[in-house]
Amino acid sequence: MRSIKTTMLTIAAVATLAACSSDSDSDGAQARLPISLNEVMVALVNDAANPIWRADWDEPQTDEEWREVERQAYQIQVGGALLQIPGNGPMDDEWVADPAWNQYAAQMSEAGRHAVRSARAQDQTLIRRAGDDLVASCEACHMAFKPDLPTMDMFGELPEPPSVSVQ
91 MRSIKTTMLT IAAVATLAAC SSDSDSDGAQ ARLPISLNEV MVALVNDAAN PIWRADWDEP
151 QTDEEWREVE RQAYQIQVGG ALLQIPGNGP MDDEWVADPA WNQYAAQMSE AGRHAVRSAR
211 AQDQTLIRRA GDDLVASCEA CHMAFKPDLP TMDMFGELPE PPSVSVQ
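If you read the sequence shown in my numbering, its first letter stands for residue 91, the second for the next number, and so on.
Careful, some of the hints might be misleading.
[To be verified] Just the calculated beta-carbon pair ranges, DEER-fashion:
1) Q193 with T215: 23 to 29 Å
2) R210 with D238: 37 to 43 Å
3) P180 with E155: 36 to 42 Å
4) D146 with A196: 20 to 26 Å
5) E229 with P180: 21 to 27 Å
6) Q214 with Y164: 15 to 21 Å
7) E184 with D222: 37 to 43 Å
8) D213 with D238: 33 to 39 Å
Honestly, the hints are just simulated from the structure, not real lab data.
This structure is a prediction, so every number in the text was calculated from the model and none was measured.
Where a beta carbon is used, it is the ideal one built from N, C-alpha and C, also for glycine.
Let's have the full structure, built from the sequences with the hints guiding it.
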């Protein structure tokens with residue numbers, strides 16, 4: 091799992107460098123990710139979102155637990171930025187050309203930024219709000235762009251729901 095995260099962060103760095111250098115390219119070629127946006131979602135965003143959402147009902151207690159939430163929040167922030175760069179998926183160019191797609195991706199990055207600040211402050215109320223903002227951007231984007239097939243048959247692990255007492 092750590093190698094996937096390292097790979098995704100490397101891709102983010104390469105994509106950022108490519109985007110910066112493409113402005114000066116004479117052929118006007120747009121930077122592209124070497125993977126699809128669906129793969130970014132499954133390999134990076136899904137994995138990082140779950141601990142942020144889980145922090146709502148399984149409150150981090152130690153500095154180490156909060157640091158892990160912060161690390162995942164950075165991945166959400168980077169994931170939103172990556173979703174604004176087309177990859178090699180069949181719908182990537184169309185999605186990235188749509189202003190609504192880019193708005194949702196920016197909202198995801200912003201939710202990640204808020205989650206980073208919340209984790210640094212070790213503030214349970216703020217991490218809950220950041221998680222709610224993340225859910226709102228994810229659900230709105232999926233309803234607009236992928237209502238029938240949210241992950242194109244690529245599924246990440248879902249968090250265990252909180253236990254509920256019937257007493």
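message: If I claimed the Cβ atoms of Q193 and T215 lie 23 to 29 Å apart, would that claim hold in this structure?
response: holds (26 Å)
Outcome for the supplied range 33 to 39 Å, where the beta carbon pair is D213 and D238 = holds (37 Å)
Per the hint of 20 to 26 Å, is the separation of the Cβ atoms of D146 and A196 within bounds? holds (23 Å)
Is 37 to 43 Å respected by the C-beta to C-beta distance linking E184 and D222?
violated (29 Å)
Can you tell me whether the CB distance of Q214 to Y164 sits inside 15 to 21 Å? Since Q214 and Y164 have Cβ atoms about 19 Å apart, the given range 15 to 21 Å holds.
Do the Cβ positions of R210 and D238 conform to the proposed distance bound of 37 to 43 Å?
At roughly 38 Å between Cβ atoms, D238 and R210 fall inside 37 to 43 Å, so the hint holds.
*Check the following: the C-beta atoms of E229 and P180 are separated by a distance inside 21 to 27 Å.*
holds (23 Å)
| message | Taking 36 to 42 Å as the stated bounds, is the beta-carbon spacing between P180 and E155 within them? | response | holds (39 Å)
Hint 7 from the list above is the single one not met by this structure.
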